[in-house]
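Novice: Residues per chain, in single letters:
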Amino acid sequence: MADSLDRQPLSRETVVKVARLARLKLTPAEIDDYVGKLGQVLGYVEMLDEVDVTDIEPMVHAIELRNVFRADEVLPSLSRTDALKNAPKTDGVCFLVPQILDGGGSSA
Amino acid sequence: MDYTVIIGLEVHVQLLTQTKIFCGCSSAFNPEQPNVQTCPTCLGLPGSLPVMNRRAFELAMKTALALNCEISPYTKWDRKQYYYPDLPKGYQISQYDLPFSHDGFVEIVIDAEAGTKRRVGIIRAHLEEDAGKNMHDESGRGLDSRVDLNRAGTPLLEIVSQPDLRAASEARQYLEELRLLLVYLGVSDCNMQEGSLRCDANVNLHVHPEPGQKVATPLVEIKNLNSFRNVELAIEHEVTRQWAEFQKTGLKIGDVPKTTRGWDAVRGATFAQRGKEDAADYRYFPDPDLVPVTVTQDEIDAVRASIGETPPARRNRYAVTWGLSDYDCRVIVDQERDFAEYFEAIATGCGDGKQAANWVTQDVLREMKDRKLSVAEFPISPAVLTDLLQRVLAKKVTIKSAREVFMDLLTAATDETPVPATVERVAEIIQSKGLEIVQDTGAISVAISAVIEKNPKAVADFKAGKQAAVGALIGQVMKQVKGADPAGVRELIIQQLNALL
Numbered sequence: 001m002a003d004s005l006d007r008q009p010l011s012r013e014t015v016v017k018v019a020r021l022a023r024l025k026l027t028p029a030e031i032d033d034y035v036g037k038l039g040q041v042l043g044y045v046e047m048l049d050e051v052d053v054t055d056i057e058p059m060v061h062a063i064e065l066r067n068v069f070r071a072d073e074v075l076p077s078l079s080r081t082d083a084l085k086n087a088p089k090t091d092g093v094c095f096l097v098p099q100i101l102d103g104g105g106s107s108a
Numbered sequence: 109m110d111y112t113v114i115i116g117l118e119v120h121v122q123l124l125t126q127t128k129i130f131c132g133c134s135s136a137f138n139p140e141q142p143n144v145q146t147c148p149t150c151l152g153l154p155g156s157l158p159v160m161n162r163r164a165f166e167l168a169m170k171t172a173l174a175l176n177c178e179i180s181p182y183t184k185w186d187r188k189q190y191y192y193p194d195l196p197k198g199y200q201i202s203q204y205d206l207p208f209s210h211d212g213f214v215e216i217v218i219d220a221e222a223g224t225k226r227r228v229g230i231i232r233a234h235l236e237e238d239a240g241k242n243m244h245d246e247s248g249r250g251l252d253s254r255v256d257l258n259r260a261g262t263p264l265l266e267i268v269s270q271p272d273l274r275a276a277s278e279a280r281q282y283l284e285e286l287r288l289l290l291v292y293l294g295v296s297d298c299n300m301q302e303g304s305l306r307c308d309a310n311v312n313l314h315v316h317p318e319p320g321q322k323v324a325t326p327l328v329e330i331k332n333l334n335s336f337r338n339v340e341l342a343i344e345h346e347v348t349r350q351w352a353e354f355q356k357t358g359l360k361i362g363d364v365p366k367t368t369r370g371w372d373a374v375r376g377a378t379f380a381q382r383g384k385e386d387a388a389d390y391r392y393f394p395d396p397d398l399v400p401v402t403v404t405q406d407e408i409d410a411v412r413a414s415i416g417e418t419p420p421a422r423r424n425r426y427a428v429t430w431g432l433s434d435y436d437c438r439v440i441v442d443q444e445r446d447f448a449e450y451f452e453a454i455a456t457g458c459g460d461g462k463q464a465a466n467w468v469t470q471d472v473l474r475e476m477k478d479r480k481l482s483v484a485e486f487p488i489s490p491a492v493l494t495d496l497l498q499r500v501l502a503k504k505v506t507i508k509s510a511r512e513v514f515m516d517l518l519t520a521a522t523d524e525t526p527v528p529a530t531v532e533r534v535a536e537i538i539q540s541k542g543l544e545i546v547q548d549t550g551a552i553s554v555a556i557s558a559v560i561e562k563n564p565k566a567v568a569d570f571k572a573g574k575q576a577a578v579g580a581l582i583g584q585v586m587k588q589v590k591g592a593d594p595a596g597v598r599e600l601i602i603q604q605l606n607a608l609l
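One line per chain: the protein sequences are A and B, in this order. My numbering applies: residue 1 is where the first sequence begins, and numbers increase by one. My numbering applies: residue 109 is where the second sequence begins, and numbers increase by one.
This is chain A alone, in the form it adopts within the complex (with noise of 0.2 angstroms):
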């Protein structure tokens, strides 16, 4: 336990990179502090690395459920208004954001 608190599980470019990648802004002092605490949390669930999980399935998924479906049927859909009503910005017709220059959609 002691261990994987000392080896620093958590690195500062790791810190850095995970803040890009969630559009967040942080100030070194930040970064620093979330070096020191998210690595806490990793160490702690490091516990679980002392589990010896030969032969055993990997878990996908916390619930046994399997097979949910639903039919496929038109449920009424929310009005124009109501689904732009959270929106920052919006013309009245569509969600407005800032200009994206690089064009086309995202990769789906």
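No lab work stands behind these hints: they were computed from the structure. Since the model is a prediction, treat every value here as computed from it, not as a measurement. A portion of the hints provided could be inaccurate.
[As the list claims (entries may be wrong)] Only pairs whose alpha carbons sit at most 25 angstroms apart, straight line, appear in this in silico DMTMM-like list of lysine to aspartate or glutamate: (1) B:Lys197 - A:Asp82; (2) B:Lys241 - A:Asp91; (3) A:Lys89 - B:Glu140; (4) A:Lys37 - B:Asp389; (5) B:Lys170 - A:Asp91; (6) A:Lys89 - B:Asp245; (7) A:Lys17 - B:Asp363.
Given the coordinates of chain A, work out where chain B should sit on it, guided by the hints.
Specialist: This is chain B only, laid out in the frame that chain A set:
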């Protein structure tokens, strides 16, 4: 130094469901009314939960089986995280390490004349959700982009091929074969204008500095190709560009990361898109909001039984049942299902598949294209064409006369005051034009005797061994006995001439 072109395609297909993949909003294409097909789930509002559309999963399975894929007994969905305005949740629900299907193939013809085929591997097909649509300000004034989320959450099947394609034309063949299959299966309308079928192409070259040596150029992905023609053109351009680039820089795969390019159809060139250096870090993890799906062999068998006949199976059946050439099988089946069924009705009706194939692939198809008619709109029904072909096969009219009847029927049926093409009309036209083959050999014999008498020179030529002399006599007999069968006349003339010898 030469090179081999290496192409793999990623195809996204919207499935023909009524509703979105995880909620009950309509998945209809509706660009005129943005943001009227959304709900808390597809908007990604807090507290909403996705539930899998059964139909979407069934259609996906049906497609995968028709692509000869293995179905995984256990599958799950993962979150693919990235930020983009068309993706309201900040992640796309997709499938990462346990796609519901894998390892299939599609067969394409890469050389029609030689009949050379290529089996294109399918790495995987997985089920995911579509994003919304961004509309960019094109005024150049830097105005906001507009986002329509009607499409967000539409079920999407992603089909990833092996890098087995070796030319831009093969990529097009593959897409056409894939599209035909999807339309036959009824799983997608494959409307490229509406974005129901979209394609990304991964392209690079294997350069051979010496025979047997191989150097791969850096991998390029060309995004969002919206027509088969553009897929072909973009790949052709990219091949030329990569070859020039390699000769200039010598850069190999691994020297630079994979890059993304767009296609400018106006300039006819691919162009570099801004590098998304972080984009590769999608931090996939299993979506805790969705539970896994398990599939039993019984379920797989049931879906397989619903597939019906795929285009390759249908082509094969035509070859076996009717003795059609590979080429004719393709022409008929590749026109989609209605046309193939039109052919089958006639082939079965007249009992001669080859004759039926000749007519539908030549006369019918030509007239359909010239007049911009679909099979359903084509005024000559299978019953009428069958009747006409039966007359040809019974030697009651010649093929030439039948073509005349066919054109008369068509002209009258597409006239301003149309006359429907019916079996009765066929009889009428034959009668009024005197096209019926004269079966009365008596009348023909009399005509032949008269012609022989009038043509001593031709008779002498024939006696001297010139078979061609008969040709001149046939024409004269035919003039006298309208509607006689030339082949029959020829036989009778030779008989009479031989009797004179």
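Novice: For this structure, which hints from the list above don't hold up?
Specialist: Those not satisfied come down to hint 5.
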